[in-house]
Structure formats: structure tokens, C-alpha cells
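There are 2 protein chains.
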Amino acid sequence: MRITSIRETAAPISSQIANAYIDFSKMTCSLVAVTTDVIRDGRPVTGFGFSSNGRYAAGAIMRDRMIPRLLEAAPESLLDPESGLIDPFRCWDRMMVNEKPGGHGERSVAVGTLDMAVWDALAKIEGVPLWRLLADRYKGGVADDSVWVYAAGGYYHPGKGIDGLVDEVKSYQDMGYVDFKLKIGGAPLPEDMQRIEAVIGVAGSGAHVAVDANGRFDRATAIAYASALESLGLLWYEEAGDPLDYALQAELAPHYRHAMATGENLFSTIDATNLIRYGGMRPDRDWLQFDCALSYGLCEYTRTLAMLDAHGWSSRRVVPHGGHQMSLNIAAGLHLGGNESYPGIFQPFGGFADGIRVEAGRVKLPETPGIGIETKAGLYALCRELAAG
Amino acid sequence: MRITSIRETAAPISSQIANAYIDFSKMTCSLVAVTTDVIRDGRPVTGFGFSSNGRYAAGAIMRDRMIPRLLEAAPESLLDPESGLIDPFRCWDRMMVNEKPGGHGERSVAVGTLDMAVWDALAKIEGVPLWRLLADRYKGGVADDSVWVYAAGGYYHPGKGIDGLVDEVKSYQDMGYVDFKLKIGGAPLPEDMQRIEAVIGVAGSGAHVAVDANGRFDRATAIAYASALESLGLLWYEEAGDPLDYALQAELAPHYRHAMATGENLFSTIDATNLIRYGGMRPDRDWLQFDCALSYGLCEYTRTLAMLDAHGWSSRRVVPHGGHQMSLNIAAGLHLGGNESYPGIFQPFGGFADGIRVEAGRVKLPETPGIGIETKAGLYALCRELAAG
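Protein chains in written order, with our numbering: chain A, 1 to 389; chain B, 1 to 389.
Don't read these hints as lab results, they were simulated from the structure.
Hints should not be assumed to be uniformly reliable.
[What the hints assert, rightly or not] 25 Å max Cα-Cα, derived DSS-like pairs, lysine-lysine:
hint, chain 1, residue 1, chain 2, residue 2
1, A, Lys160, A, Lys364
2, A, Lys160, B, Lys139
3, B, Lys170, A, Lys26
4, A, Lys160, A, Lys26
5, B, Lys364, B, Lys26
6, B, Lys160, B, Lys170
[Said to hold, decoys possible] Calculated from the model, a selection of chain A residues having no Cβ within reach of chain B, i.e. all distances over 12 Å:
hint, residue
7, Gly84
8, Gly241
9, Glu264
10, Leu266
11, Ile356
12, Glu385
Just so it is clear, CB atoms sit at the ideal spot from N, CA and C, and this is done for glycine as well.
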């Protein structure tokens with residue numbers, strides 16, 4: 001078998017929301033289609049991949065570097081010699097030829113997006129959902145039959161007051177969510193505390209409410225928030241400081257006994273390793289949020305999970321950023337702790353299968369082969385259009 | 001004053017060389033021209049910037065994100081209110097609007113290249129060389145009147161044997177260089193030792209010879225090389241392991257009492273901070289090699305130098321990667337320890353003013369306003385063409 005074409009485009013995932021660091025009105029997302037010469041249901045199999053929110057489309061990097069490398073490779077060099085099928089790890093190695101170590105950003109999005117499409121193609125060729133393929137390959141066939149998800153929202157929005165925030169969280173409850181996350185750091189601490197308390201009022205307790213500073217705080221502010229939040233018993237306190245400031249994260253731990261979370265802005269296994277080595281994260285309570293689509297894809301994710309295992313961390317402490325189907329498959333197939341969800345935003349890329357509802361804060365996965373993009377009409381329409389060229 | 005146009009292009013810096021990690025035959029470089037409405041010598045001032053070798057052109061990131069942000073900004077918002085001239089730090093902040101923290105690669109090249117052009121424009125407007133502007137602004141007017149440079153070469157090249165390596169180093173000697181660097185890790189250790197000893201034979205002593213593994217080694221190999229190199233008393237042992245594997249670097253120190261060097265693949269102040277915090281680097285002997293063109297430019301470099309100072313590191317321990325005029329200006333103006341040089345390769349971007357020879361391993365700087373691009377005919381021809389549009 002061989003790859004016959006790779007198509008790539010950028011699409012807006014614009015949204016009138018803002019977190020403490022950026023607004024999303026100009027955010028873009030990469031979409032790729034990797035077509036093979038394998039026929040299933042009378043048509044060549046195409047794998048699809050898309051990047052995640054928070055970082056920009058990486059199409060130029062793909063077009064200039066990774067796509068030519070894949071297409072110029074001897075086709076058999078990309079195959080698993082045992083199965084004769086496309087091997088995501090060989091594709092990954094090929095994409096990274098002539099790339100120097102270090103500097104893990106943007107390029108990690110380009111590779112992560114293409115890697116997703118390769119896994120989608122492989123699962124479609126094997127005729128199984130990706131979560132099933134992963135469970136069979138890595139977990140003795142045992143997959144989770146549903147995944148805990150939480151509703152990430154509570155963004156700052158011009159004119160949105162406490163009432164708007166409460167209405168938003170109630171709407172998530174109506175959709176079946178039990179746990180919620182809101183942004184902090186875009187308003188003064190007393191105002192943020194009012195916002196948090198309002199969300200707790202809807203959620204029922206602090207244990208159902210996480211807060212996310214998006215890396216905005218300096219040491220003093222991070223500690224001030226930690227002190228203010230301590231008595232609320234929150235689900236977690238996320239990304240207090242710069243995601244690479246491991247010392248700040250480590251210094252925060254003695255100031256905050258409840259769970260903390262970070263990792264969405266670390267884009268490689270070695271960066272994740274440094275967080276574990278130096279960040280003072282606690283394997284009995286804290287959460288890790290690496291997003292495969294932004295961080296070199298599932299191949300690299302398996303290396304990150306192996307690193308975590310070697311450091312005594314359970315995969316159940318990993319709850320990926322992004323709210324997309326790829327992480328949901330990984331969560332079910334590789335036994336993660338759950339997955340983020342952004343109800344109704346970052347469309348059509350975010351979210352899960354159209355026909356599957358969130359129930360009591362958990363979501364099931366479709367049985368369709370691949371990642372499940374075909375179960376999401378809006379996203380699949382974009383994908384079909386791209387593949388048609 | 002205001003910016004009237006920003007032009008950008010990619011140019012090959014292809015070369016038939018390879019280090020232990022990549023070959024450079026498809027390497028590209030970004031070139032930018034930032035034109036202002038300030039008239040000097042009858043013409044609008046244009047600042048030029050270019051990226052450095054080892055990472056690819058970052059034009060799409062500039063075109064999609066940084067250039068529109070600069071051009072859409074209120075012109076006065078980019079000016080120093082005291083001087084009324086363009087303020088590189090305000091430009092920097094503007095370029096980074098809507099960029100999340102972390103993920104420092106590629107984007108850091110885009111910003112670094114544009115930042116270089118802004119500083120070049122500012123120095124031209126002030127009618128002084130950049131090294132003079134920097135010395136006046138940060139060092140009480142005292143600039144170094146020459147900069148130590150070493151010849152970085154010794155690449156692996158198909159068919160190049162020990163004789164070829166010796167001839168190469170002799171050619172650098174003829175050019176006025178005293179110190180040399182060769183690549184290691186692309187051949188087995190015994191062969192690398194022969195190569196190193198051959199270079200020492202030309203250089204006169206190990207103290208004039210540095211070796212560079214380009215981040216290729218695992219822990220065991222890094223230590224094996226350390227043991228083998230120990231008795232040679234080399235100038236330094238560079239980038240033994242993955243540039244982000246601070247633990248490997250720290251573990252190496254007890255195995256190697258001579259100087260080590262790293263940093264060219266760390267692209268932000270926070271990444272540099274982590275190296276200093278966790279890498280076990282020794283301020284009395286080791287070298288730091290951050291390359292401004294790849295790491296958000298001179299604005300970020302000033303923050304990195306301030307961080308180093310706060311950690312007890314002298315700026316004299318900094319010898320930037322890249323071998324380009326921008327780092328040479330920073331070296332002279334901000335009192336660094338020296339600068340890399342790649343005689344004859346990575347042209348026309350690499351290297352210094354055409355008319356200024358290396359003498360006894362040191363190079364002087366031109367008195368022309370700006371970075372000195374106009375003193376380098378091949379590079380200036382490309383710049384003129386770009387600015388003409």
C-alpha cells in the first residue's frame with residue numbers, strides 16, 4: 001500500500017471568546033487529508049487530521065517539510081513489515097528527518113495533525129475505531145466504554161456578566177455535564193472569586209469546578225490566587241504561571257493542597273519530562289493536560305505516557321486539552337483520566353460524535369472505523385471537500 | 001514616524017554539509033525588509049533582518065501573524081514616546097499579541113527575524129552602528145573594538161576524509177582564525193577521535209579545538225565521549241545530548257572537568273532559564289550559545305542576559321550560535337564572549353563585513369549605520385531586491 005496524496009488547508013475556528021492571554025477571533029486550524037491506495041467500501045481510504053485550538057494552523061510547515069518528506073519516501077519504507085500496512089511510527093520518523101532537536105512549537109502542530117490523519121487511515125484500513133485499535137495494541141484489548149468529560153468554558157467575553165456565566169454553566173448542565181471549568185486571571189481577584197462562587201452555586205460544589213489562569217500569573221499572583229482558592233476545594237487550579245516555569249509550579253505546591261493541572265502548552269515528550277522532573281507535580285492528585293494534536297501526535301503521546309509510567313504516574317492522571325475526538329479515542333483506548341470538552345465552540349473541529357450525548361458527565365465513542373470524523377457532520381463536510389481537492 | 005511596508009521572502013542557504021543530526025541541503029532562511037517613512041541620505045530607511053541556520057524560514061508565520069499585527073497597529077503605539085523613534089520593545093510586544101505562552105520554536109524565528117530588521121532600522125535612523133547603539137544604551141558607551149570568533153566547520157561530507165578535514169582547518173588558519181570547531185557523533189567514537197586529533201595537530205593544542213555533537217548523544221554515549229575527550233583539554237564539548245534534557249547535561253558535569261557549551265536550540269528566555277536552573281552549567285568555565293535570530297531577537301536577548309546576570313553569569317560566557325552580523329553587533333555592544341563564524345558557508349547570510357579580515361582570531365566591526373548588511377555585497381544585493389519589491 002502507499003499514500004497517494006496529502007492535501008492540507010487552514011480553516012478558521014474563530015470565536016468571540018478570550019482567555020486571560022489571547023482572544024480567539026483570528027485563530028485558525030489546520031486540516032489534512034491523507035489518501036491511500038487501499039480500497040474500503042469501494043473507495044480509497046482517506047485519513048483525516050486536524051489541529052487543536054490555541055495554536056495557529058501550521059500548513060506552511062507541512063507543505064514545505066513534512067508532506068514532501070512523506071511523499072518522496074519509498075512507499076514500503078512507511079509500512080509495518082509485518083502487517084504491510086502504513087506504520088504511524090515510520091511516518092513519524094520520516095516527517096522528522098532533517099529537523100533539529102529542541103524548539104518544540106508550531107512544527108509539533110504540523111506533525112501532530114499529519115500523524116492524526118495517518119492513525120485515522122490505519123484504523124479505517126483495519127476497519128476498527130481508533131480507540132479499539134489502541135486498546136488492542138497497547139491495553140490487551142480492554143478499552144474504556146465511556147470517558148469522563150468536563151465542560152470548559154467560562155471565558156471572558158465583552159458584556160458577559162455573572163448572569164451570563166451562570167446561564168452558560170446551566171446550559172452545560174442541560175447537555176449532561178457535571179463538571180465545569182472557567183477562566184481566571186482576566187479580571188481582578190475579587191471579581192474572579194465572585195465568578196467562581198457563582199459557578200460553584202450552579203455546579204453544587206467546588207469539587208465540580210476547575211479554574212484556568214492560562215499561564216498568566218507571576219509568582220506572587222499565583223500564590224495569592226492559591227490562598228484565595230484553597231478553601232473552595234476546587235476540581236483543579238490550572239496553568240497558574242508560564243507553562244515552562246517549572247520552578248514557579250514547584251513553588252506553588254506547598255501553597256495549595258488541592259489538585260493543580262498543567263501541560264497543554266508543552267509540546268514534546270522532553271518538555272513533558274521536564275515538567276515531571278522539576279515542576280513538583282504530585283502523582284496522587286495533580287493532572288496533566290498534554291494535547292496530542294499540538295504536540296507531535298499520538299506517536300509522541302505514547303512516548304510521553306511511557307515516560308510518565310517510568311516516573312510512577314498513572315495514565316489516569318492525564319486529561320488532554322483540546323476537546324477533540326482524537327484525544328477522546330486516546331482516552332478510551334489508552335486509559336486516560338478523561339478529556340476536555342468545549343460545548344458548542346471551536347466548531348466544527350471541537351466536540352464529539354453528533355449522535356452521542358454526554359450523560360452524567362461521560363461520553364461514549366462511536367463504533368465507526370477511524371477517529372470518528374464521519375460521525376460529525378460539520379467536520380466531515382469540510383474533510384470531504386478537502387479530500388475532493 | 002511609521003513603518004510603511006514590510007516585505008518577506010525565503011532564500012536557500014543550501015550547503016552540501018551535514019552535522020550529526022541533519023543535512024543542510026534543503027535548509028532555507030527568511031529575509032525581511034522593514035521600510036519606514038524616515039528619510040536618510042535622500043531615501044526612506046529600511047531595516048533588514050534574516051534568520052539563522054539550522055532552522056527553516058518562518059515566512060508564513062510572519063505573513064499570517066506578526067506582519068499584519070505590526071502594520072495594523074496605530075503607528076504611534078510602536079514608537080518610543082521620548083525619542084519619537086521606533087521602539088523595538090513595543091514592536092516586540094505587538095508582534096506577540098494573541099500568542100500563547102510556551103511552544104518556543106518557529107514563531108521565535110519569525111519574531112527574531114523581524115526584530116532584527118527593526119533594530120537595524122532604528123540604528124540607521126540614529127545614524128550609528130548597532131553595536132554602538134547598544135553600548136550607548138546598555139554599557140555606558142563602552143563597546144568592544146573587536147570580537148573573538150572561532151571557525152565552526154568540520155562537518156561530515158560524503159568523501160571527506162581526515163586529509164580533507166585538515167585542509168579545511170588550514171584554510172581557516174590562513175583566513176586568520178586561531179580556534180576551530182568540528183562536528184562529532186556522525187562517526188564512531190574511534191574515528192571521531194582521529195578526526196579531533198588531526199585538527200589538534202593543525203591548531204597546535206586542544207585548547208584551540210571545540211567539538212559539537214549537535215544533541216545527538218544519549219546519556220551513555222555522552223559520558224563515553226566525555227571520558228575519551230577529557231585528556232585533550234578541548235576548548236569545549238558542545239551539545240552532547242538533547243538540548244532540553246537538562247538532567248543529562250547536569251549529569252555530565254562530574255564526568256568532564258573542562259568546558260562544555262550548549263544553548264543554540266533553546267529559543268526563549270524561559271528555556272534559557274531552565275538550562276541555568278537545572279542543567280548544572282558552571283559559570284566559571286562553560287559557554288552559552290543562544291542565537292538571537294532564532295530566539296525572538298535582541299529584545300528577548302536582553303531579557304536572557306538580565307536573567308543570566310541575576311544567576312551570577314557574566315555576559316562574557318555567552319558566545320552565540322549562528323555566525324552572523326547581528327550576534328557580532330550584540331557581542332561587541334553588550335560585551336559577550338565572542339561569536340561563532342562559519343567561514344564560507346551559509347552564504348550570503350553568514351559571515352561579517354566583506355572588507356574586514358579576521359586577525360589573530362578576532363574581527364572588528366564596520367562603522368556603517370545599522371547591523372552592517374550594506375558592508376556585505378552578496379547579502380545586500382538580496383536585501384535591495386527584496387526592498388524594491
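Do the hints match the structure? See the list:
1. A:Lys160 - A:Lys364: Not satisfied, since the Cα-Cα distance of roughly 32 Å exceeds 25 Å.
2. A:Lys160 - B:Lys139: This hinted pair is violated, its Cα atoms lying about 49 Å apart.
3. B:Lys170 - A:Lys26: Distance of about 54 Å is beyond 25 Å: violated.
4. A:Lys160 - A:Lys26: holds (20 Å)
5. B:Lys364 - B:Lys26: violated (32 Å)
6. B:Lys160 - B:Lys170: This hinted pair holds, its Cα atoms lying about 15 Å apart.
7. Gly84: Its Cβ never comes within 12 Å of chain B, the nearest being 30 Å, so this holds.
8. Gly241: violated (9 Å)
9. Glu264: With a cut-off of 12 Å, Glu264 (chain A) comes too close to chain B, as the shortest Cβ separation is near 8 Å.
10. Leu266: violated (6 Å)
11. Ile356: Check passes; 30 Å lies beyond 12 Å.
12. Glu385: Holds, because the least Cβ-Cβ distance between Glu385 (chain A) and chain B comes to about 21 Å, which exceeds 12 Å.
Against the hints set out earlier in the document, violations occur for numbers 1, 2, 3, 5, 8, 9, 10.
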